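Asker: Listed here are the chains, written in short residue letters.
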Amino acid sequence: MIELRGVSKKFSVFTVVNDVSFAVRPGEVLGYLGPNGAGKTTTIRMLAGLLEPTKGEILLDGRDIRKDIHAFKKRLGYVPEQSEIYPHLSAYDYLMMVGRLRRLPERPLKDKIIGFMDIFGLRQDMDGPMSSYSKGMRQKVLISAALLHDPDILLLDEPMSGLDVTTGFVIRDLIKKLAAENKIIIYSSHILEVTEQVCSRIIILHQGNIVANDSVANLRSLMHLPSLTEIFSQLVVHEDTEIAAGRIVAMMKGSD
Amino acid sequence: MGFASRSEGASEEIAQLGILTRHFFTRLFRNDLVDFEDQMKARLVAVLAILAVIMGWSSQLLIFFKYELSPDVGISWQEKNYVFILMMIIFGIVTLLEFDMLFPDRRDFANLTPLPVRLRTVFAAKLASFIAFIGLFSVAMNSISSVVFSIFLSQWRSNSLLFGLRYVFAHLIGAFAACFCVFFACMFVNLFLMAILPSVLQRRISVLVRFVLIAIFLFLLMSFLVDPGSLSGVLRSLPRLKDHGSPLIFRVPSIWFVGLYEFLLGTTDPDFIALARMAALMFVLSVGVFGLACALSYFKHYSKTLETEKKGSRFRFLREAIAGLAQKALLMTPEERAVGAFFSKTIRTSPKHRNVLVNGLAFGAALVMLSIMANRRNIQALAPVNPLFLAQSILIVLVLLAAIRVVVDIPAALESNWVFCVTEAAERRRYVSGLKTTILLQWLLPLSILLFLVHAPLWKNVATAGFHAGFCLALSALGLEALFFRYRKIPFASTYVPGKLQLQIRGVPYLLGIIALLAVLANLDKALLGHQGLFWAFFPAAATLWIILRIANARFLDSHPLIYEDEPEPAMIGFPEN
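Order-wise, the sequence lines are chains A and B. Here the first sequence stands for residues 1 to 256, where the numbers follow the numbering used here. Here the second sequence stands for residues 1001 to 1578, where the numbers follow the numbering used here.
Honestly, the hints are just simulated from the structure, not real lab data. Every value quoted in this text rests on a predicted model; they were computed, and no experiment measured them. Among these hints, one or two may not hold up.
Calculated cross-link-like contacts (lysine-lysine; reagent style DSSO-like; alpha-carbon spacing at most 30 Å) [said to hold, decoys possible]:
no., chain 1, residue 1, chain 2, residue 2
1, B, 1345, A, 112
2, B, 1242, A, 74
3, A, 110, B, 1328
4, A, 110, B, 1352
5, B, 1300, A, 135
6, A, 74, B, 1328
7, A, 55, A, 135
8, A, 176, A, 10
9, B, 1328, A, 112
10, A, 135, B, 1328
11, A, 67, A, 135
12, B, 1352, A, 135
13, A, 10, A, 55
14, A, 110, A, 177
15, A, 112, A, 55
16, A, 110, B, 1345
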């Protein structure tokens, strides 16, 4: 089980994540939602060990991850929000590097990489530099890199970003299958329909604070709302979206 | 399409060209190695000011004592020639160093492709901004020297202010023509290769061509600055050649433009008039071939864009199998193999890193050429008892090590470093050990083999050549450990900006230290080659020292974390306040 206890993160005077606590058990898929700037990516980056919390602790099976960060990272798969990969490397070189850094045996690693590239339709392009890849292609490489070592914990920060519809369906079903394999999955996204389908529990973050933490079914019955989209709107959207859209159209035409 | 809509389209394209040229010109003041635009601007202004002062000062030194009291009776063309040669060399180096700026990069494509801008407009704007940027160097180099020449030399022909201004004008036109002739010629070579060769081959060959050209230009520059005597013979013979009407004088490019200079001053000397015609012809020719190569490479890129083509090699599996076996035998752990492959791939595929390494190696080659030229009488023996000759091999080793040390600190893509952070293992020593082993195997060992192959037939003694190569390899290994002493980074994965403090503060002591070290090492090599039995004591001693350094570095890494974000060096150093 992975657990956050009173975790906060401050950048200068700005508190981006404020006293966040939750736990995710094996086999559970946690949907981590919130509008832009809510602190989702910062939380995920703290969980990945890329940022140090200003306050609070992150525990894996009851142990602070900082006590043995290397052991924690060995069990971690991470798909970042931005497709930040070395652009001069090819997908094959990049995945070989990641696999080696994770100490995977060479022969099965090569087979695995070629297998992943086949499934994601990148076999033909896997030797070209990633600078020439589309966003979706890079995302597929990042997803492959996160899965290469069969991790126990998966941090997925906007994994569907740039993916085509078919690959999106594959990832959706993959998350379900990995949950069935008892993986701990934290899934951060803006696509509420997919989140509703794959997540066993939802956390909604707003301005660094948790405003909801329950299963989708419980949230629906508690708030008497039919869908996650409406729950989300009720909790974090304080602006009439129709009026905002109308203002944008008016501005485009120069009449506002 | 009607005339009106065509002219509207043309005026829109011209407007876009102006906007893009300004945009690209501003972007030339930013680069990946410098944090802030202001920092880059300050650095560029400093370089331009230094160039202006150097050219002005050398012009003044050349003509002050000669023409302050005695008149210029048509002989000042020799000094003008000297200044033009220096200027053309510097301009050639600047052109070759900045050559890559001519091409739209990924960011340009990402941002401009969706816009209604023609690719030809982007290329034209890149070219215009690049010429403007390069032109700054030409303006800087001539700003003071043109005035100096005018002040000291115009008085012997006329006291009129207008003639003084005409002198400045003639100097500027002659110098700009000379500089841009070099510029167009250098660009032609690179663009022509780009136009005629397949991309993969061109990338490989252009690195070599760039290396050779930079090495030659640097050698000529250093010959001028460090050892003027080596070329003064050539320069001294020019007046005699001119007096005897030798056609050889038409083979010295700088004199064409001196001819143009004198022609614009109203000379009646038929030689200068002929040289001016030659200058005009060569300038037009250089612009023509440059334009042709530009058009050819443009059409090549128009159909393919600048993205790299997919590669498919028939020998890939064989090559991979051999490389895999070698890697497994020499790089024991996966982390070592990962860092080793990352180092090799980055050097091979990242133009930024490759260019820095090529420039460094070209500098080393130029130093060796200069040293050989300066000591050509001593070195004629080319014998293993000549420490000056032995020093050349050691100098190449040191330059290669220094260039690699600089290159590994240049970040590849800082935002991508997270992959090393999330996979970092407890055994940090393996990352650095993988890097060092790779450098040793891929660069230093082949260099030693090359040195052996050069010296064995030269000395006709395989054992001596073998010992010398072994000595260089031992030095390389020790130098590698010394230069990476307490190094705790993954190559290309730290924010460190290289060379800020070191060059300004420590540059001179470093240079003196390297010269002293070279002398000591060359004499040690000579002594050992004289008593080759001593090598059996030297090699174990070097190996012991190497092992001690390796262990010390490994222990240091066990207790210190890897650095991803280095502390920036202070931009200014002041005395502490009481």
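Asker: Taking the hints in turn, state whether each one holds.
Answerer: Going through the hints against the structure:
Between residue 1345 of chain B and residue 112 of chain A, the direct Cα distance comes to roughly 21 Å. Compliance with the 30 Å bound is thereby established for this hinted pair. Restraint check for residue 1242 of chain B and residue 74 of chain A: not satisfied, since their Cα atoms lie roughly 77 Å apart, outside the 30 Å limit. About 15 Å separates the Cα atoms of residue 110 of chain A and residue 1328 of chain B, which keeps this hinted pair within 30 Å; it holds. Between the alpha carbons of residue 110 of chain A and residue 1352 of chain B the distance comes to roughly 29 Å, so the proposed pair stays at or under 30 Å and holds.
A distance of roughly 26 Å separates the Cα atoms of residue 1300 of chain B and residue 135 of chain A; the hinted pair therefore holds under the 30 Å criterion. With a C-alpha separation of about 22 Å, the suggested pairing of residue 74 of chain A with residue 1328 of chain B holds against the 30 Å cut-off. With a C-alpha separation of about 35 Å, the suggested pairing of residue 55 of chain A with residue 135 of chain A is violated against the 30 Å cut-off. For the given pair, residue 176 of chain A sits about 34 Å from residue 10 of chain A by alpha-carbon distance, which is inconsistent with the 30 Å threshold.
Distance hint between residue 1328 of chain B and residue 112 of chain A is fulfilled; the C-alpha atoms sit about 19 Å from each other, no more than 30 Å. With a CA separation close to 34 Å, the supplied pair residue 135 of chain A and residue 1328 of chain B exceeds the 30 Å bound. Annotation: proposed proximity of residue 67 of chain A to residue 135 of chain A is violated, straight-line Cα distance about 36 Å (limit 30 Å). For the suggested pair residue 1352 of chain B and residue 135 of chain A, the alpha carbons sit about 23 Å apart, so the restraint of at most 30 Å is met.
Taken as a hint, the residue 10 of chain A and residue 55 of chain A pair is honoured in the structure, with Cα atoms around 9 Å apart against an allowance of 30 Å. The suggested pairing of residue 110 of chain A with residue 177 of chain A holds, with an alpha-carbon distance near 24 Å, which does not exceed 30 Å. For the hint linking residue 112 of chain A to residue 55 of chain A, the alpha-carbon distance of about 39 Å lies beyond 30 Å, and the restraint is violated. As the CA atoms of residue 110 of chain A and residue 1345 of chain B are separated by approximately 17 Å, the hinted pair is consistent with the 30 Å bound.
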